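Start from chain A and add chain B according to the hints.
Chain by chain, the residues run as shown.
Number of protein chains: 2
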Amino acid sequence: MPQAVAGPEIERLIQLLARMPGLGPRSARRAALQLIKKRDTLLAPLADAMRVAVERIVVCRECGNVDTCDPCTICSDPKRDPTVLVVVEDVSDLWALERSGAVQARYHVLGGVLSALDGVRPEHLNIASLAERAANPEVTEIIIALNATVDGQTTAHYVTDAIKALGLKVTRLAHGVPVGGELDYLDEGTLTAAIRSRTAF
Amino acid sequence: MPQAVAGPEIERLIQLLARMPGLGPRSARRAALQLIKKRDTLLAPLADAMRVAVERIVVCRECGNVDTCDPCTICSDPKRDPTVLVVVEDVSDLWALERSGAVQARYHVLGGVLSALDGVRPEHLNIASLAERAANPEVTEIIIALNATVDGQTTAHYVTDAIKALGLKVTRLAHGVPVGGELDYLDEGTLTAAIRSRTAF
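So the protein sequences, as listed, match chains A and B. First residue of the first sequence? That's 1 in full-length UniProt numbering, and the numbers climb one at a time after it. First residue of the second sequence? That's 1 in full-length UniProt numbering, and the numbers climb one at a time after it.
Pulled out of the complex, with its shape left as it was, chain A reads as follows (with noise of 0.2 Å):
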């Protein structure tokens, strides 16, 4: 531990910068000095916009979603599909595909995934508030959004299983050559779900 170097308060801002993911304690030195320099035009708003993010932003209790209102601003959208559920991992997942646009339906997160590694159970995911939306007569279809990794497609099967008694047609993203992706760089598992997946050109 280097010794202060500076007052308490701009101590205090150093050890909470450095605890934001990206930032170490060296950048979160840097970081902190930039602030200060911009005190005005960065520090000050940045300091009221976090103050308003804790004061007005919740967890949408329909779908996990975090936003100021509640429910939020994607289940309230009447224009989205309502037949349509699409499942994530986490927030970042939900804010990915609303950046591709691919979908214009509503989400539901899980808050994580299985993991007997880390001691995720059923019971720690969104699943039952899940099942109690697909019971939803309106619902016909639900899109397994989860990470191609091996926690994300045991999560994908239990989903599936713990729905399965509703009858809905339940849909998972497809596996294969990402856009722009190289073949020569990709790895076995890919190349052999992206052979297997071929479509009629």
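These aren't lab readings, by the way, just hints derived from the structure by calculation. Keep in mind that this is a model prediction, so the values were computed, not measured. All C-beta atoms, glycine included, are put in the ideal place defined by N, C-alpha and C. Treat the hints with caution; some may be incorrect.
Okay, the calculated bits of chain A under chain B, using three or more residues with CB under 8 Å as the criterion [stated by the list, open to error]:
(1) 9-22
(2) 38-45
Negatives, chain B to chain A, calculated, CB over 10 Å [claimed, not checked]:
(3) P71
(4) P78
(5) V120
(6) R121
(7) N126
(8) A131
(9) A135
(10) G176
(11) L186
(12) T199
Below, chain B alone, put in the same frame as chain A:
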């Protein structure tokens, strides 16, 4: 520009975070999500620490350091050697020297270095105030602790000229092999300097 995926408050937080050094648009989004998840343990304390920084941090009118008091903790510390002034480019350099604990003197932050390319001229730097402080009869030595870059060394020469008339001892940091450094990876300039300034074993 990707479409906004969250409410305006969250988007604003992300945009401001993306302007911090070390964070880009993507890592800012990740950071924002982490902050929102750790609302009580990280986001709220960080917002408070930033608010305190906005309100209380001032630039020391003596040396140019940033602190919550003016003159700063270092300038008002009676245990510091009053005969030595260490000239640094930026507050980050002052912090680096303080972390090393190598010198127990006072500092003078120039606020930059001369640069023809960036249009930084002597009147943009705190050189006049340095000459004033150096004229204090208590001061007997000026340590020029500027970066060993072209601009840093140009500035060092300019500063030395500006205070030459006062007849003070003016020193600069030694050039040589960094502690832990391997000769094979060092440039010729450093090796030449290290040989020239060799010391008795």
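Do the hints match the structure? See the list:
no., hint, verdict
1, 9-22, "holds (count 10)"
2, 38-45, "holds (count 5)"
3, P71, "12 Å, holds"
4, P78, "17 Å, holds"
5, V120, "15 Å, holds"
6, R121, "20 Å, holds"
7, N126, "15 Å, holds"
8, A131, "24 Å, holds"
9, A135, "28 Å, holds"
10, G176, "23 Å, holds"
11, L186, "22 Å, holds"
12, T199, "28 Å, holds"
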